[in-house]
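Order-wise, the sequence lines are chains F and E.
With this note's numbering as the guide, the letters of the first sequence map in order to residues 1 to 297.
With this note's numbering as the guide, the letters of the second sequence map in order to residues 1 to 326.
If you're looking for bench data, these hints aren't it; they were derived computationally from the structure.
All residues carry an ideal CB built from backbone N, CA and C; glycine is no exception.
Footprint (simulated), chain F over chain E, 3 or more residues, beta carbon under 8 Å:
no.: 1; segment: 57-71
no.: 2; segment: 154-162
no.: 3; segment: 277-287
Label-pair ranges, simulated between beta-carbon atoms:
no.: 4; chain 1: F; residue 1: I277; chain 2: E; residue 2: A67; range: 36 to 46 Å
no.: 5; chain 1: E; residue 1: K131; chain 2: F; residue 2: G29; range: 17 to 27 Å
no.: 6; chain 1: F; residue 1: L64; chain 2: E; residue 2: V310; range: 47 to 57 Å
no.: 7; chain 1: F; residue 1: G148; chain 2: E; residue 2: A56; range: 21 to 31 Å
no.: 8; chain 1: E; residue 1: S226; chain 2: F; residue 2: D196; range: 47 to 57 Å
Spelled out from the first residue to the last, the chains are:
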Amino acid sequence: MSTPTVALGAKQRTPLRPARILLHVFLIGTSLAWLAPLLWAVFAALRPYSETSTKGYVSWPDKLNFDNFKNAFEQSDMLHYFGNTLLIAVPAVLVTLLVSSMVAFYVSRFDFRLNIFLLLVFTAGNLLPQQVIITPLYRMYLLIDLPGITMSGKLYDSALGLVLIHVAFQSGFCAFVLSNYMRMLPHELTEAALVDGASVWRMYWQIVLPLCKPAMAALGTLLSIWIYNDFFWAIVLISTGENMPITSALNNLSGQYFTDPNLVAAGALLTAIPTLIVYFVLQRQFVSGLTLGANKG
Amino acid sequence: MTTDTNMKSPEAAAVPPSGPAPVKKRVPRGHKRLLTRRDRITLGFMAGVPTVLHVALVWVTALASIALAFTSWDGIGFGSIKWVGLDNFKQLFNDNPQFWPAVEHNVIWFVVLILIPTPFGLFLAVQLDKKIRFSRVYQTAFFLPVVVSLAVTGFVWQLVYNPDTGLINSLIGANKPGHYIDWIGDPHLNLWAVLIAASWRHTGYMMILYLAGLKGVDPSLREASSLDGANEWQTFKNVIFPTLRPTNTVVLVVTIIEALRAFDLVFVFNKGAQGTELLSILITNNIIGESSRIGYGSAIAVVLLVISLVVIIPYLISTFRKERSA
Chain F
1 MSTPTVALGA KQRTPLRPAR ILLHVFLIGT SLAWLAPLLW AVFAALRPYS ETSTKGYVSW
61 PDKLNFDNFK NAFEQSDMLH YFGNTLLIAV PAVLVTLLVS SMVAFYVSRF DFRLNIFLLL
121 VFTAGNLLPQ QVIITPLYRM YLLIDLPGIT MSGKLYDSAL GLVLIHVAFQ SGFCAFVLSN
181 YMRMLPHELT EAALVDGASV WRMYWQIVLP LCKPAMAALG TLLSIWIYND FFWAIVLIST
241 GENMPITSAL NNLSGQYFTD PNLVAAGALL TAIPTLIVYF VLQRQFVSGL TLGANKG
Chain E
1 MTTDTNMKSP EAAAVPPSGP APVKKRVPRG HKRLLTRRDR ITLGFMAGVP TVLHVALVWV
61 TALASIALAF TSWDGIGFGS IKWVGLDNFK QLFNDNPQFW PAVEHNVIWF VVLILIPTPF
121 GLFLAVQLDK KIRFSRVYQT AFFLPVVVSL AVTGFVWQLV YNPDTGLINS LIGANKPGHY
181 IDWIGDPHLN LWAVLIAASW RHTGYMMILY LAGLKGVDPS LREASSLDGA NEWQTFKNVI
241 FPTLRPTNTV VLVVTIIEAL RAFDLVFVFN KGAQGTELLS ILITNNIIGE SSRIGYGSAI
301 AVVLLVISLV VIIPYLISTF RKERSA
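Isolated chain F, as found in the complex (with noise of 0.2 Å):
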């Protein structure tokens, strides 16, 4: 797997050719165009709302703050909306790495019959729309009880419910990513240790799992970030506003609290900050992670 990050690699810069300016000039002007959408939140968030309802939005700001910032992490509960994000994506990333890892190794390391087909499954189940299955995956839900352990007392508008979908349905990419990974290994570092009678546990925990934290960063990267954003599953499956993940939860408040687009705006770029995080931090992880399963045909 060669690394797919776009780096620049070994910069061999050509002088500057008028095709290279047009080019750039090309690039720039695109890029803006791209970021506009953004930067018109950003500058709607950054006015407060009595000059843009008595100027209009395109105008000369007379003021720029961060008061609709302030205002719409406040009155909207969104620390609250935040931790419900974080008790969902973090049990459901690690669990998904942990468990896409164990069927990627039982799958590229052993040669049983039922492999490819095993692999098979999960791979084409994740590429299902997720519509598909929500009917009966949301009477599902509403069947199974649980009481004394989710608040709801059933599995339905339920953290638990959420990470276990979650986890049941990214697994199959991961799974699909990694045993491609791990079939990349040596294979004489498995058969050596099992010569030397490691148990299979030991083969995955402390020989193929350490080789594979590239893939693995890559993955929990991506994954932080899908999950993060999910909005679907967290729409049908969660009922109650207050349990709802932040991506989701906005959707309501959008309703309910905020009553112009300042607020909206400034609501909608809280929402996409901790993304835009992880994704600058983790840049490399995050772009290898999403070519890792596309790159190969």
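Use these hints to put chain E onto chain F, whose structure you have.
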């Protein structure tokens, strides 16, 4: 990515390559002899627990969708499940005013994504692959929409489309009462408005996939073609693009699946009312809406499932066949 030829156990390598069947039979025995009972139980758990979870929540529910599609059920107790044969489908195809528009919109969604943002993403990738200065900065600008959630994207674009306070109407002077262009409310416009937002995101995604694909193109191919005197376009068309075939397959599959999954943007915009119906939205409305028509909702899900499988199965067969022969 297809260098995993020698990854099978030594026993497998020792067998003359007379055909895949005998090789497959010998390998497991070689392993199994070395595995203790406990190891086999451990392995069983390692593969079993995740499989049970995945199959129970994804495949059992998919099968249940198929079964429920032929019934009518109000969701209250299992006793009220009634077998109705093809009634749900008949109703869906003949009487539901939202169904065919939804199918059409899903198709439009795919056609637009594959014709506009996909080639544009490829174009950007080719430009950014030219060892250009500030490549990272440009990439980030195009890629940012992919990082932000679709729900948030929906909110951000609403600020752009808002009839009286939005960017577009303010700029073109259509923000005065009576002169509104209602981008989200007008059933002739809203699908296109949503698709612009969807394309905004899709371009960056495609750019990254193609950039990764371009990194894999052998540089000597480029050199050879420039020695032959080919110009940039000729090189791309005759040399680079053909080598991107695996990427193109992935791009096609990803785009179809994205078109079938499309949901968040529309749900945030207007919940799929008038002009933006999608299959995913119709299914969801049957669950979280007032009515709980489970059989009917499942019938729509089956339509979506069948369309998806038409894409997923050939893709997986070709992928896994390559893997086996590799």
